[in-house]
Amino acid sequence: MCCLSKEKIMRPTIDVDALRSEIRDKSVRVLDIRKEEDYKQSHIPDAVNLPLANLLADDSPEKVLQYAQSFGISDETPVVVYDDTFGALASRVAWTLQYIGHEDVSLLDITYGTWKKMGLETSTEKTSFDKKNHSLKLRPEILATVDYLGPAKEKGAILIDNRERLNFLENHIPGAMNIPYRMLASPDNILRPKEELKRLIQNRNIAPDAEVITYCGSVGTLSGLGYYALKSIGMENVKLYVRSFKEWKSLEKPIERQNDANYWDLSAE
Amino acid sequence: MSKTSLSQSKGDNLPRPKINWGKLEEAEKFAEMVKLFRRGKINRDDFRRFRLQHGAYGSRMTDDYSMVRVKVPAGEVYPEQLERLALLSEGFSIGSAHVSTRQNFQLHWIALEDVSEVMRGLAEVGMTSREACGNSVRNVMCSPLAGVCTQEVFDPTPYALATAKFLLRNPMNQSLPRKFKLNFTCCEKHGMARIVDIGLIPQKIDADGKTHNGFKIFLGGGLGAQSFVGHQLEEFTSEEDLLYTIIAVIRVYDRMGNRENMARNRMRYLVNELGWEKFQNIVLKERAMVRVTQSIMVKLDLDKIPEVLGKMSISSDTPTKPEGFSRWMKSNVISQKQNGYSSVFLTLESGDVTSNQLRTMAEIAREFSAEGRARTGFLQDMVFRWVKDEDLPKLYSKLLEVGLANPGALTMASVIGCSGTTSCNLALTNSHRIAKEIQRKFLELKLDVDDDLRDATIKISGCPNSCGQHEIATIGFFGGGGRMGKEMYPLYSMSLGGRSDEQAMLGLTCMKVPAKRVIPAILKIIEIFKSDKKNGETLDSWIHRVIDNDGSNGVKSFNDIKEILKPVVVAPTIEQDKDFYVDYGNDVSYHARTGKGECAA
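These protein sequences, in sequence, are chains A and B.
Read in the working numbering, the first sequence has 541 at position 220, and its numbers run on one by one without any break.
Read in the working numbering, the second sequence has 388 at position 327, and its numbers run on one by one without any break.
Since the hints were made in silico from the structure, they are not lab data.
Quantities reported herein were computed from a predicted structural model and do not represent experimental measurements.
Incorrect hints may have been included.
Pairwise CB distance ranges, derived in the manner of DEER restraints [claimed, not checked]: (1) B:547 x A:498: 35 to 45 Å; (2) A:570 x B:547: 26 to 36 Å; (3) A:381 x B:658: 50 to 60 Å.
Cross-link-like lysine-lysine pairs, in silico, DSS-like; alpha carbons within 25 Å at most [what the hints assert, rightly or not]: (4) A:519 x B:96; (5) A:438 x B:459; (6) B:84 x A:519.
Even glycine gets a Cβ: it sits at the ideal position worked out from N, Cα and C.
Same shape as in the complex, but just chain B (with noise of 0.2 Å):
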């Protein structure tokens, strides 16, 4: 042992993570169960299952390395944590982490053997991939506005935690049909509260002179092969029946969901199979039951004490104002509802981040937010709240210095892209690379700062899967495969006008567009969009209208979108082009390749 030692001089006051979500045991019986399987001691089957309930994938075409999927309850993520990813992610990974749309931090391409080291190094800073794959419930969301939003009721966060902890680990749902997701959402406007099992939205009612808490929820939404837009159970669920509402939904769904056929085995299919109302009086019913029989000391542990926000604003100069800050701040920076305090998003390429960007993050927590830590948002990004408004210049400053500096994050050029070919076995395309370069051409036509587009979304899986969730984007591609004579080339089906707001519903199915021509069609549909619209409006109402047959001018109808965008996709011969018939990122013609899925363990 050294006496002489790096003295770390990190302040004591800064915030660690409140709750450990880790268990150190959990990484030793890891390491221990890959032996015995490397040994066949553990037959493929059963270790796939107990893989998965930890959190790891197998990766594309193998099965000797895996994506450990780090869980971040309610996005909630710290400076020590987003350093522990960046050493794991060198050590054991790529040298880059991805932040998905659950919320989620994703390593890939670490060897199985070294699954538990990973494990264990999250476990050390109170962090954990236990069942966030699997038939399990997976991350509890929490919108990454909880809490600063100008348009909540109140914060969710606690709850959103709360829940996280009475579910992680839970006997009652550690074999569940298929996997179970929760989402907490600040307001109408943020969340995705109705494309998941279970959605809550606050809500605040006033009753015997009193004014109560809780939620509007909404069940059996969900995005897939075939997706649905979930019901809303009551008019109000209080806070008291939260947790009782969730068992119920819980047991309802494990008692009564399909086992059998892979296809159909989330729970918004016994939703639509039973029907709504059916489904709706067994969960009611099934909740009495709960609420009788559960022991009294079955709540929800809310920790509601306040928080005490630290440091005030680090910028005693009057700062200048660096190039592009202006065209960043209104793109990326939406204000809270404190007065004097903004909340930052960081955009991302398809979620992607470098381990030296995370050690970046880290400092940023530390020095900008005066929450001291930050979340990953819902749309593969990562946002900084509580950043004081005068602090912004030095914060961008910051930013550009380490290549985060890209606007575009509150934007339409905030392209989601699943990790399709790049990871996963049941991928048909490259969705992750065209999500990259969909973005770079929208940044490079100054496309963010166009008001009209900035409520529409474009988001692309590589699957008719949905981890893209292509299904409630404003235009949204599936990956896929086409042929012309003997040739293969990658092509995308394009669906239009999803949204998953109030209104939420699922983008109509539009045309085929081959990948080499996704860009083109998506110029296009902004263009003839442009000399069609009115007054006022956007993208996504103009696309409504025109769903809705209530077109003007030369775009009456779905169809004549159709029309006018033929000669865009006309698939050219292998001879006249070539290019066309290979995928992004690679250098050879295309050829649809999957692996089995892992979702059935």
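The following block holds chain A by itself, in its conformation from the complex (with noise of 0.2 Å):
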């Protein structure tokens, strides 16, 4: 029998036809990060509840490594996260899960509101899987702290804030690039196709092995699904400024702004 690479192939996102086979082989775990009265009512199959905020209450490594091995997640286990928020808090659960050093995480290439549309089943049944041993090798390589950016943008790396355009141009870090997270998204899917997505990045000039910051306002969640966009066309050197504007805005750094104009009041809101 032929050898398989033990290398896995990233996948940033899969689809409902490869999620759905993989719950059927029992292969995969699957994250619903919605609330807890959410996950109540109906979940995909076999999916375990982490409500984002429950996570973000403690993110540190070791309580997310202890909510991995809680769910059965082993070193070796698939995991796909999905949300009904456009992918942004799924894609913030699945980076702090590859920050831990899980190598294998995916979002669901849709929302569990477009699932359920699609008609396809669910569960009100709560699953619980036996612990699992889980290993944590960090990986500061996908991470940006405040201190970083600095150094990094002087070396190149293109800071980019996934907020809406009237919030960017209200205020921003200095020098970054505004791609609006809605700008990411397809009608039907959390993200465009990948051709769509290479072409705004090129229009945007952006070397396909440039450096890449995300953030946004405050906890890394429209950045999050920044970060999985850029992935997803095979950039490999992607940050997340994950603490994001809020964190810069405290420490009172130096903001940009686009002045002298009421753009606010074009906004039918």
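Using the hints, put the two chains back together into the complex; each one sits in its own frame.
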């Protein structure tokens, strides 16, 4: 028999058909990161619930490791994360698992709302799994800290702000480029097809091997989606500034804005 | 590729755009040009000309963002196009879109690098931004009531669409001295035929025992730093001569228009400088030339196949009338000439609409309009025609759900405000926001139900140029800066008595009104009108009587209005009233700042 390469092919997103077959094979751990009450009402069969708020309350590597182990996730278990918030919250959880060293994490490429609209199977059963051991191998190369930003920018790293346009115009980290998170999605999927995303990035003159750091308003959710959008088109050197603009502002770092225009008054919200 | 997919159960019998205005190649070319420009391979001026020709303006104080103007010929917009605008606005713009006074949609603050993506998205649903800016023939307008207006002679829509089709990307008009505007209208009352380069009103005559379709054509009108009312070319221009006339006028303008002086390059200045009779002669001679030299194949491609209307009434039960329904009916709905049908106007604030509202509009067009589409209006508004009368309460309920049920669309409360300092380089004041504030105040005071005010209008521009069409407003304003000692404050020039109908005239300059006194000044004018008016007089007719020095009682002349308003517009010191020195939408003191206009490129 031919020996399969041990090296896993990273798949930032997974589609419905692949996930359903892996659920049938019981070869995957599915994380539903919606609120507990939503999870209780219905969820994808065999999914376990990790509400994002619980994770954010303490996202220290030790705590995240504890969660992973309690869900029966070993180093080898493929994990798929989904939400009902256009993939942004799921992205944050997926990234956190990758940060503690779990390699095989994917985002479901649709939201739970779409899953239901498609009439796919759901369950109300609370699932639990036996605890598994998972190692802790932090991956600092996917994390950007506030201290990292300055030197990285000087070396040519590109900073991408994934907040909405009006928020970006009002204030952002100097030199950042704006790719609003809405730009990343297609009407049916949490991310556009690869060729479209590639085109958007090429239009911005960002080289495929550039170092890119994504950030957003507060906890790295929108920018988590930005992170996976770039990973999905094969960009290697991507980092998430997970503490994002909230930390930047609280540290009273310099801020850039689009001056002398009342753009907010164009909004009909 | 996923095997399981969302089944889109959209009916096959839904109306699809009949004309594809878009071109995907133009999006690709635009993306390439942006890259070349960013690498310094194209100079700024050449790039700007290219950008404008493709419908992308620079934004206030920056070229890194664009306003993409989406042309909507004759204002006809289909549900899938509204949905696409929603998607593009969320992805690339600010989550809201804007309906302009020239029936375009505008998407603001789009990164220059994304303009090509927006163009691509538009082309996929048959839309374009091509020649929406720059020195080209702009969106060909047509009255939103064309085809349903009780006063029209015939429906000009097929002519407007055919003209737009003929002129879009036509080599003849790719590099005119300046922009060029055409406006078809249904009747004298609902149009703006006299304030554009070529304005057209349908007309019929009987000759040789037959009835002939044709137009009254007005040339050389236009609003701007210097405004003019158009002149009628001849008694009657036949349908056969329509295209020849348009070609002739454009050729004359292209040849003789001023290409040197930026401030004098619109066609109206040429008409003014030559004198009307001379210009008229040149055009008529040119038309004779065009007639004999143009191949007979050059014809307007008129689609006059009668349309099969879609679904009939959707209400089977007797609907309950929601609160506010009758007020909305009175101020937003017009009965069509076709018995049992109405046209519904939506009140927007300065033309702004959220992406969710755009999606609701798409649903409404599908569900409620028998023609299955919508039109953009002349007043930064949206219009749904062919709505069955008995469906109106249900439609109103649907509008209520998404905040689109405001009354006032066809009244003085429907205030026009150009984009002003929200995005325009030339603006001196936030005309956009003040228009919203005035509208809110009018609705709060229920002035929309006042019949005396119904035929009056308020229009506001953020600078002396006339995107807000202030000259044709009953009460018009354009923005500037005022000074009190060292301090500056936002200030408007107010004009009174403008009209765009049969008695089209430009408003007369009245006085300066500080931004923060505009609402009190308008309310004061209404107050003195109320106490002075004669039986049956409206605000509009009262103002004209006063302008004609035929005033009575307390208000005898225009000067009396000024005198009465004087105390209202007095500037306080900054210590007395700090807010007076701050424009709407700002939190710091006013300072006039403008960038370079893009008119001349």
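Hint-by-hint comparison with the structure:
no. : hint                      : verdict
1   : B:547 x A:498: 35 to 45 Å : holds (40 Å)
2   : A:570 x B:547: 26 to 36 Å : holds (34 Å)
3   : A:381 x B:658: 50 to 60 Å : holds (56 Å)
4   : A:519 x B:96              : holds (15 Å)
5   : A:438 x B:459             : holds (23 Å)
6   : B:84 x A:519              : holds (21 Å)
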